[in-house]
Amino acid sequence: MTAPRRFPLDVATVADYARDGAVVLRGVFDADDLRTLEAGIEHNLAHLSPLALVASEPDDPGRFVEDFCTWQDNPAYRRILTASALPHIAAQLMQSRTVRLYHDHLLVKEAGTRQPTPWHQDQPYYNVDGRQNVSFWIPVDPVPLASTLRFVAGSHAGTWYMPRTFRDQQAKWFPEGSLAELPPVDTEPDRYPQRAWALEPGDCVAFHMLSLHASSGTGPGVRRRVFSARYLGDDAVHAPRRWRTSPPFPGLAQRLADRAPMADALFPTVWPSA
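Residue numbers (this note's numbering): 5 to 278.
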C-alpha cells in the first residue's frame, strides 16, 4: 500500500474544527488526485452497488444518487482513501494517534435537482460510538455557495438528534422519543450560526459526524459530484444496533463485540502507514 501524503495543518485549522465541528480545506487534492477521483466516481455511477439509492422524487427534473461502501471494488477510491493526504489530515483534525477507514459515500446531484438534503447528523445512522471521527466532503465539480453543504457551528458538542428518512421523515432507527428532535435551525439563525463555503475542485470540507448539516438542490447546469470519505480515531468503538444501520455492515456483530475497537478488515488502519 502506498504511504499517504503528508499535509500539515496549522494550529488555527485544528482549533476551528474542535470548536465548530466543520472546516474548509483548500488545495488538498492535485490534478492527478482529481482525475483519479473523477474516474472512480464515474465508474461507481456505471456500476452501482446493491446499497445504492435514488434519494430524489420521481418527478424531480434532476436526480440525486447515493452509494456506499464500494472502495474495495474501486481502485480509484482506494487510492484516494489510503494514499492521498486524507489520512494525515484526519489524524490531525481528530487529534488521534491512529486513523481507521470507516466507509466511502457517493453523493451525486445532477443538474437541476430540486431535492434538498435536510438537516441531520451522520453518527446516529451509524454503528459507532466515540468522539474522534471526521468526514470529508470532496467535490470534483465547482460548488457554488447556493449548492454547498451548510453546518451549524458547534452542533457536534454532544447532543444526538433523531435520525429520520430524508424523503418522508420516518424514524427507522432509534425509537420515537428516544433522542432530541432537530432544533429550529433556519428560523432562528442567531441561535444556530451556520458555516458554508463555495468550493473548487481540489478543495474539501471536513466535519464531525455529529455536526448538523444540510444542503439545497442544484441549479440549472450545476452538476454536483461529491465523494465522502469517513474515518475513525483512537476512541471509536463498535455500537451494534437492533436495526439496520445506514450503511449496514452485515455479519459485523458476530465478529466484533459491543464496545470493542473497530479492529476488522472492513476498517483498515491507514495512519500511521505500514
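Hints may contain errors.
[Claimed, not checked] Straight-line C-alpha distance at most 20 Å; calculated SDA-like pairs for lysine to any residue:
1) 176 <-> 123
2) 176 <-> 101
3) 176 <-> 122
4) 176 <-> 223
5) 176 <-> 67
6) 176 <-> 124
7) 176 <-> 133
8) 176 <-> 57
9) 176 <-> 126
10) 176 <-> 252
11) 176 <-> 128
12) 176 <-> 206
[As the list claims (entries may be wrong)] Computed spacing ranges between beta-carbons, pair by pair:
13) 163 <-> 267: 27 to 37 Å
14) 254 <-> 194: 42 to 52 Å
15) 55 <-> 262: 34 to 44 Å
16) 276 <-> 175: 13 to 23 Å
No lab work stands behind these hints, which were simulated from the structure alone.
C-beta: ideal position from N, C-alpha, C; glycine also.
task = Find the hints from earlier in the document that the structure breaks and name them by number, from lowest to highest.
result = 2, 4, 5, 12, 15, 16
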